[in-house]
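Asker: Spelled out, the chains give:
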Amino acid sequence: MSTNLPSIADEHFARARAGEPTAFAALVRTHQRSVFSLALRMLGSREAADDLAQDVFLQLHLNLATIESSAHMTFWLRKVVTHRAIDRLRQRPRVEVASLDDEPEIADVAVAADPLLQRHLRALVAELPSSARAVVVLRYQEDLDPLEIARTLEMPINTVKSHLKRSLASLRERLGVTSPDAFEELGYE
Amino acid sequence: MNDDLEHELRRALRPVDPGEDFTRAVMARLQSPNVVSLPRARPHSRVQRVLPWAPAALAASLLMTIMLTHQHRKEEQELAEGLRAREELLLALRVTSEKLDIAYQVVHTTNSTPM
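One line per chain: the protein sequences are A and B, in this order.
Take the first sequence: its position 27, counting from 1, is numbered 27 in this note's numbering, and each next residue is one higher.
Take the second sequence: its position 10, counting from 1, is numbered 10 in this note's numbering, and each next residue is one higher.
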């Protein structure tokens, strides 16, 4: 028999809704990595990402009463940060691509195996159109499936799949990756 | 390059932390007098957010229902009392009629007896 014990995230959420500042600070610490990274991958600038991420958490504090659960809050955060990032990008059509010095040091040896490739990929993702970029970031940073991405971005699922298909093809072409069957294997046809 | 593009994308887009100062900055902005924040988050139903006049309308509707129900019950009570009174009257008339019949028979029997 399984017991349905509230998680720590649920407890922090409930206490934050009740007005406890320490609980809200715990929520920020829990979600700041995801929110900041979404903003960074979308806006391409650490400073802009920091500013947007802070605004999103302030907006969260104002809207806590309308959020029903910690799971709903996770969805809400992803939705708001990506929508606001897209809005900001549309206000300034020219993308500010992150400089090589703008990235924090990554201590993970496995990740640092090919840092230049990863930086190149991040730069290419930053050049995608805003909607396509949001789809790619939600897919590969947040590990959302196309249906979850569609709900987050309020976009038809076929549009999500189309963005993924075209973006991967574009990235593959620009990287010089030649694998005719790779896309079929990914299951997006 | 035969590396899985998706695998590389996941590695490239791995989340990064904004740093310890981030939480402090957010909390400092929350405490700023320029920020309007709710002192205590209370759960509001979706109905109340969309229809703020709903509680007052509901109370008025409930009161009217109670009043109409009370009026209806009063009328029913009066009707029942009326019916009871009618039944009692009919019973009284029936008893009187029976007694009159008996008296009539007694009188007629007495008169027909030869002297």
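No lab work stands behind these hints: they were computed from the structure.
As the structure is a computational prediction, the values presented were derived from the model and not from experiment.
Treat the hints loosely; a few may be bogus.
Now the stretches of chain A that chain B is said to cover, found in silico as 3 or more residues with beta-carbon under 8 angstroms [as the list claims (entries may be wrong)]: (1) 23–31; (2) 44–56; (3) 74–87; (4) 160–173.
Interface residues of chain B toward chain A, partial, derived using beta-carbon atoms under 7 angstroms [as the list claims (entries may be wrong)]: (5) LEU5; (6) LEU9; (7) ARG10; (8) ARG11; (9) VAL16; (10) PHE22; (11) THR23; (12) ALA28; (13) LYS99; (14) LEU100.
Every residue, glycine too, gets a C-beta built ideally from N, C-alpha and C.
Asker: For each hint, tell me whether it holds in the structure or not.
Answerer: A quick look at each hint next to the structure:
Three residues within the 8 angstroms Cβ limit are the bar, and the stretch 23–31 of chain A against chain B gives 4, so the coverage statement holds. Counting residues of the stretch 44–56 of chain A whose C-beta sits closer than 8 angstroms to any C-beta of chain B gives 4, which meets the bar of three, so the coverage hint holds. Taking a C-beta to C-beta cut-off of 8 angstroms, the stretch 74–87 of chain A contributes 0 residues in contact with chain B, too few for the three needed, and the coverage statement is violated. Check result for the stretch 160–173 of chain A against chain B: holds, 3 residues qualifying (beta carbon to beta carbon below 8 angstroms, three or more required).
Here the hint on LEU5/B is kept, as its CB sits about 6 angstroms from the closest CB of chain A, short of 7 angstroms. Because the closest C-beta pair between LEU9/B and chain A is about 4 angstroms apart, less than 7 angstroms, the hint holds. For ARG10/B, the suggested interface contact is upheld, since its CB lies about 5 angstroms from the closest CB of chain A, less than 7 angstroms. Proximity of ARG11/B to chain A holds as hinted, the smallest CB-CB distance being about 5 angstroms (cut-off 7 angstroms).
Taking 7 angstroms as the C-beta cut-off, the interface hint given for VAL16/B holds, the closest approach to chain A being about 5 angstroms. Below 7 angstroms, beta-carbon pairs count as interface contacts, and PHE22/B has one with chain A at about 5 angstroms; its hint therefore holds. Interface restraint check: THR23/B against chain A, minimum CB-CB distance 5 angstroms, threshold 7 angstroms, status holds. Restraint check, ALA28/B versus chain A: the minimum CB separation of about 10 angstroms is more than 7 angstroms; hint violated.
Restraint check, LYS99/B versus chain A: the minimum CB separation of about 80 angstroms is more than 7 angstroms; hint violated. Given hint, LEU100/B at the interface with chain A, is violated; its Cβ is 82 angstroms from that chain's nearest Cβ, farther than 7 angstroms.
Hint violations for this structure: numbers 3, 12, 13 and 14, all remaining hints satisfied.
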